[in-house]
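Asker: Okay, here's what each chain looks like letter by letter:
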Amino acid sequence: MSLDALTYLFVGGSFALYIGIAIWARAGSTKEFYVAGGGVPPIANGMATAADWMSAASFISLAGIVSFIGRDGAAYLMGWTGGYVLLAMLLAPYLRKFGKFTVPDFIGDRYYSSTARTIAVICTIIISFTYVAGQMRGVGIVFSRYLNVDINTGVVIGMAIVFFYAVLGGMKGITYTQVAQYCVLILAFMVPAIFLSLQVTGHVLPQTALGATLESGQSVLSTLNQLSAELGFKEYTSGSKTTIDMFFMTAALMTGTAGLPHVIVRFFTVPRVKDARLSAGWALIFIAILYTSVPGVAGFGRVNLIQTVNGVENQGREYSQIPEWFARWETTGLIKWEDKNADGKVFYSGRDDNELTVNRDIMVLANPEIAQLPNWVIALVAAGAVAAALSTAAGLLLVISTSISHDLMKKTLKPNLSEKEELLYARGAAVVAIIIAGYFGVNPPGFVAQVVALAFGLAASSVFPAILMGIFSKRMNTAGAVSGMIAGITVTMAYIIYFKFLGGTSDQWIMGISPEGFGTVGMILNFIVAKVVSSMTAEPPAEIQQIVEDIRIPRGAGAAADH
Amino acid sequence: MSLSNENAQAYWGENLRIIITYLAIWFVVSYGCGILFVDALDQIQFFGFPLGFWFAQQGSIYVFIVLIWAYVFSMNKLDEKYDVHE
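Listed in order, the protein sequences are those of chains A and B. Under the working numbering, the first sequence has 87 at position 87, and the numbering climbs by one with no breaks. Under the working numbering, the second sequence has 56 at position 56, and the numbering climbs by one with no breaks.
Hints in this document: simulated from the structure, not taken from any laboratory. Nothing here was measured: the structure is a model prediction, and the numbers come from that model. Cβ coordinates follow ideal geometry from the N, Cα and C atoms, glycine included. Among these hints, one or two may not hold up.
Calculated pairs, DSS-like style, for lysine-lysine (alpha carbon to alpha carbon, straight line, at most 27 Å) [what the hints assert, rightly or not]:
{"hint": "1", "chain 1": "B", "residue 1": "K81", "chain 2": "A", "residue 2": "K474"}
{"hint": "2", "chain 1": "A", "residue 1": "K420", "chain 2": "A", "residue 2": "K100"}
{"hint": "3", "chain 1": "B", "residue 1": "K77", "chain 2": "A", "residue 2": "K474"}
{"hint": "4", "chain 1": "A", "residue 1": "K274", "chain 2": "A", "residue 2": "K100"}
Pair by pair, the computed Cβ-Cβ distance ranges are [said to hold, decoys possible]:
{"hint": "5", "chain 1": "B", "residue 1": "I44", "chain 2": "A", "residue 2": "R26", "range": "54 to 62 Å"}
{"hint": "6", "chain 1": "B", "residue 1": "A10", "chain 2": "A", "residue 2": "T505", "range": "50 to 58 Å"}
{"hint": "7", "chain 1": "A", "residue 1": "T213", "chain 2": "B", "residue 2": "Q9", "range": "53 to 61 Å"}
{"hint": "8", "chain 1": "B", "residue 1": "N5", "chain 2": "A", "residue 2": "E235", "range": "56 to 64 Å"}
{"hint": "9", "chain 1": "A", "residue 1": "T505", "chain 2": "B", "residue 2": "F73", "range": "44 to 52 Å"}
{"hint": "10", "chain 1": "A", "residue 1": "S29", "chain 2": "B", "residue 2": "K81", "range": "32 to 40 Å"}
{"hint": "11", "chain 1": "B", "residue 1": "A24", "chain 2": "A", "residue 2": "I289", "range": "20 to 28 Å"}
{"hint": "12", "chain 1": "A", "residue 1": "Q372", "chain 2": "B", "residue 2": "Q43", "range": "36 to 44 Å"}
Go ahead and model the full structure; you've got the sequences and the hints to work with.
Answerer: Now the structure itself:
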């Protein structure tokens with residue numbers, strides 16, 4: 001079968017599966033729409049969380065980032081997994097006991113304040129829209145590269161699929177499609193990863209293969225270091241970011257991960273408190289399968305790329321000698337060759353004589369072709385990339401629609417909405433959110449990559465500390481929480497906007513902390529301001545302190561959620 | 001809620017001790033081995049990896065998994081001890 005036919009078969013088959021699940025898991029009540037009825041088994045929730053979390057960025061971009069920045073990529077690897085430890089121990093069990101539908105629900109009720117609720121709603125919506133724009137674009141790009149359809153057509157197809165199962169099934173439909181999407185995406189990532197490590201080292205697992213010794217008698221990593229030294233790249237196994245920046249960046253990504261509303265809300269869907277803890281454990285195992293394979297894929301990809309392009313002598317290679325995948329990815333613009341010294345040879349280096357511009361995403365997207373794997377593997381990667389983007393998009397869209405129908409309409413503007421009307425608003429809001437997300441997919445704001453720092457910074461400096469203090473400090477009151485959130489958000493946003501949009505340069509960074517890491521500073525400031533202000537104002541009313549007592553005790557979560 | 005106030009306090013205190021213990025390990029492994037002492041650990045070879053590099057890119061993730069599962073088991077035991085499980 002031809003590659004195109006196989007790709008249509010794999011992508012089309014996976015879509016049919018998602019739609020079938022959506023029809024089976026329709027939502028009939030707001031509780032089913034918001035939290036899947038609260039009856040999801042922990043292992044299924046773990047898989048759904050993993051698919052929800054691993055977006056186009058994890059599937060397509062992460063290995064490329066690690067491949068090109070070497071050891072410093074650890075900030076992403078540790079940051080995007082270590083957050084689950086915080087989530088499991090500090091947030092998830094207590095939020096599950098609290099037993100409502102959303103993050104603004106908790107912040108609004110715990111701080112008995114519609115101001116606090118509104119700030120939480122605004123943060124939730126900004127974080128989620130920032131994130132979803134990139135997902136829709138990702139779907140479009142995959143369609144255009146593998147199926148030769150226009151990017152915009154790809155975005156519209158993606159919108160239609162998400163529309164179908166998010167609007168129809170709500171959280172219930174999303175949860176079970178995410179379970180299926182996890183299976184598709186992990187298979188699609190691991191099959192080429194295993195092929196690649198077998199090819200390069202003879203090891204099955206990319207986790208151990210990266211430490212293996214090659215035929216030359218040198219290990220993979222020292223080969224990489226040697227190639228890097230010869231070509232003027234920095235050493236692969238040592239970092240170039242400062243220690244303090246690595247520290248703050250990792251902390252911002254960890255606390256940001258723990259504070260992302262679309263991840264937190266997944267823990268509302270399980271029956272009991274112990275299931276919330278357990279699903280965090282499952283989620284991290286499922287995530288780690290991909291994340292611990294990434295360094296291997298990154299390393300082998302880089303060795304392959306350098307050796308294919310520069311040839312055995314590492315001096316450059318005749319253009320006509322280079323395998324055909326090179327030309328194919330040239331037409332997409334992911335690889336650009338400029339023959340600077342006009343010798344007809346392609347040469348890749350870290351110095352001025354470099355003739356190659358490589359987009360990082362190629363490490364995953366073109367890997368199967370570079371390694372000359374069979375066509376069905378390439379088709380599988382296409383289906384996996386679409387699954388990764390769609391599953392995350394659906395989770396985000398649900399959070400947006402819930403914030404609008406539940407937190408804004410029901411809890412703030414129109415408290416006497418009936419159950420049926422609220423469900424109608426939820427579906428309506430999901431439709432509007434999908435259309436807006438699709439618009440961003442077709443007309444991407446030129447700054448998708450920059451605003452990701454914003455999403456994590458915002459989550460780290462507002463949502464995470466507000467929830468944490470709500471659980472662990474009985475004394476924390478409205479004034480403290482609200483002023484803490486405002487201080488954290490203001491400082492973090494100002495720093496990120498200045499350096500990402502207004503042309504600030506890296507020599508102006510405060511203490512050498514990059515905008516990606518500044519969410520940590522915002523978070524610390526949030527804690528300090530909240531503590532000081534709350535100690536100067538009256539303690540919270542007795543019934544609020546009782547709520548805090550109550551969420552600390554696991555028993556009663558199932559009863560509170562009518563099970 | 002059959003739990004007396006005193007028992008609730010004791011349960012919460014033990015819960016906090018468990019969290020602090022595990023988060024201390026979490027911090028030492030990720031921020032310690034993976035960032036602060038990474039260069040020193042890189043002097044040691046570990047299955048073909050410089051040890052610091054291995055912690056930064058893989059080892060810390062394995063430890064995170066172990067920590068969450070250990071926490072799950074510790075908390076289940078604690079919940080039963082204070083009879084607050086479901």
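Asker: Would you mind marking each hint as holding or not holding in the structure?
Answerer: Hints and how they fare:
With a C-alpha separation of about 24 Å, the suggested pair K81(B) and K474(A) falls inside the 27 Å cut-off, and the hint holds. Between K420(A) and K100(A), the direct Cα distance comes to roughly 18 Å. Compliance with the 27 Å bound is thereby established for this hinted pair. With a C-alpha separation of about 25 Å, the suggested pairing of K77(B) with K474(A) holds against the 27 Å cut-off. Taken as a hint, the K274(A) and K100(A) pair is honoured in the structure, with Cα atoms around 17 Å apart against an allowance of 27 Å.
Checked against the hint of 54 to 62 Å, the pair I44(B) and R26(A) passes, with Cβ atoms roughly 56 Å apart. Between A10(B) and T505(A) the CB atoms are about 55 Å apart, so this pair conforms to the stated range of 50 to 58 Å. In this structure the supplied range 53 to 61 Å holds for T213(A) paired with Q9(B), their Cβ-Cβ distance being about 57 Å. N5(B) and E235(A) have their C-beta atoms about 59 Å apart, which keeps the hinted 56 to 64 Å range intact.
Our hint of 44 to 52 Å for T505(A) and F73(B) holds, since their Cβ atoms are close to 50 Å apart. Take S29(A) and K81(B): their Cβ atoms lie about 37 Å apart, and the range 32 to 40 Å holds. About 27 Å separates the C-beta atoms of A24(B) and I289(A), a value consistent with the hinted range of 20 to 28 Å. Roughly 38 Å separates the CB atoms of Q372(A) and Q43(B), a value that falls within the hinted 36 to 44 Å.
In summary, the structure agrees with every hint in the numbered list given earlier.
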